[in-house]
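*Asks:* One letter stands for each residue in the lines below.
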Amino acid sequence: MTPEVPAEIGLTFGTYEEARALVGTRTSVVFAERAVTGALIKYFCAMVRDANASYWDEEYAKKTPLGGVIAPPTFAVSSAHWDPNYALRGVRKIPAPPPKPAAAASAPVGQGGGGAGSGGGLNLTRILHGEQRFEYHKPVRPGMMLTVTNRAGKSWTKEGKKGGTMRFSESISEYRDEKGELMVTATSVGIVTEKAVQS
Amino acid sequence: MIPGVDYHQRYWEDVAEGEELAPVEDEITYRRVVMNPATTWDYFPGHHDPEYAKAQGQPTIYINTMHFLGFIDRLATAWGGPASFITRRKMSMRHSIYAGDTMVGQGRVVRKYTDEPGGRTRHLVELEITVENQDGQLCVPATVHLELPARQAS
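In order, the protein sequences belong to chains V and R. For what it's worth, our numbering labels the leading residue of the first sequence as -13, then goes sequentially. For what it's worth, our numbering labels the leading residue of the second sequence as 771, then goes sequentially.
For the record, the hints were derived by calculation from the structure and aren't laboratory data. Heads up, some of the hints might be wrong.
To be verified - For lysine to any residue, the following SDA-like pairs were computed, each having C-alpha atoms within a straight-line distance of at most 20 Å: (1) V:144 x R:920; (2) V:48 x R:920; (3) V:48 x R:919; (4) V:124 x R:888; (5) V:124 x V:154; (6) V:124 x R:858; (7) R:882 x V:154; (8) R:860 x V:18; (9) V:165 x V:53; (10) R:860 x V:121; (11) V:124 x V:18; (12) V:49 x R:777; (13) V:28 x R:920.
Remember, it's a predicted structure, so these values are computed and weren't measured experimentally.
My request is simple: use the sequences and hints to build the entire structure.
*Replies:* Structure below.
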């Protein structure tokens, strides 16, 4: 058994030591409040202007190997609609803007916010989003009641030029359907710098 | 058939390595930036509050990660067709797309291959995708693995 931490803590970390302490832990399973629906899928597709027939046309999609309308891959991580612990639904406090202007154009971008299982961050001048990797095992479909579990992956350090020692930490989110079958695995690499990043 | 919906399908046999995907351009107005938080409930203030974004040192509000991901998927499956399925994707955030920018997506087939997870043959292509702004600045590099239908199901 891996040690369990409450889901509302999430795995968005403050310090490297805190991140290290989370290695090997996993959050309790968060259950969806409501099912995936065709309407939510269409809102998402309309926003990104995606005309893919498999998202829009049930009659068409029934006749393809997909067997019916599916959600676009990114839909599962837009979990605010169904995840009661989603960072930006008020469980965690939205951070105030940093007192001094942060880098506008340095890579990678340090902004926090939504995305692959990432929470509204802590000290956003020192947390950067690194690479994000996604594996799609099965398509998400209308009617599914998703669950998500977060667990900490690897942690490592590297000497950076601007921000001193850069500390990397992976957060892995597993999205499953109501039968427990794995739909999506999302891995997000967070980077914490020693100093606030300035360009 | 629903007007405006894309039904065009591509088959694995018809793809060549090195093939370019049709580029996609999207003008990102303030309204478009705010549409994603409205759709996904990602109400991080940097995506809807210009004052907050400026206090962060950003010129104005910027699109969220899910908008980038959705745009990359759109580019890949608009090329592959509605029966294609994204099996893997990785991406990095290098630079933001701000309200007023134009997002430009381009892609190329770098590999054509098959695998057999659990004994089922999948016909796949690996796509290298870039999202740039109107100045040609690289914002998000991505790699997408896309499963395509095959004419000869094996």
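*Asks:* If a hint holds in the structure, say so; if it does not, say that too.
*Replies:* Here is what the structure says about each hint:
A C-alpha spacing of about 44 Å is found between residue 144 (chain V) and residue 920 (chain R), which places the hinted pair above 20 Å, so the restraint is violated. Simply put, residue 48 (chain V) and residue 920 (chain R) have alpha-carbon atoms about 18 Å apart, close enough for the 20 Å limit, and the pair holds. Between residue 48 (chain V) and residue 919 (chain R) the CA atoms are separated by roughly 15 Å; this keeps the pair inside 20 Å, and the hint holds. A threshold of 20 Å between alpha carbons decides the hint, and for residue 124 (chain V) with residue 888 (chain R) the separation of about 14 Å falls inside it, so the pair holds.
Distance restraint check for residue 124 (chain V) and residue 154 (chain V): the Cα-Cα separation of roughly 29 Å exceeds the 20 Å cut-off, and the hinted pair is therefore not satisfied. Between residue 124 (chain V) and residue 858 (chain R) the alpha-carbon distance is near 11 Å, which keeps this suggested pair within the 20 Å criterion. For a cut-off of 20 Å, the pair hint linking residue 882 (chain R) to residue 154 (chain V) is broken: about 32 Å separates their Cα positions. A threshold of 20 Å between alpha carbons decides the hint, and for residue 860 (chain R) with residue 18 (chain V) the separation of about 25 Å lies outside it, so the pair is violated.
For the hint pairing residue 165 (chain V) with residue 53 (chain V), the CA-to-CA distance comes to about 19 Å; that is within 20 Å, so the pair holds. Note on residue 860 (chain R) and residue 121 (chain V): the hinted pairing holds, with a Cα-Cα distance of about 9 Å set against a maximum of 20 Å. For a cut-off of 20 Å, the pair hint linking residue 124 (chain V) to residue 18 (chain V) stands: about 18 Å separates their Cα positions. Taking the CA atoms of residue 49 (chain V) and residue 777 (chain R), the gap is about 12 Å. The hint holds against a cut of 20 Å.
Only pairs whose Cα atoms come within 20 Å are accepted, and residue 28 (chain V) paired with residue 920 (chain R) is rejected, the gap being roughly 28 Å.
The structure fails hints 1, 5, 7, 8, 13 (numbered hints given earlier, in ascending order).
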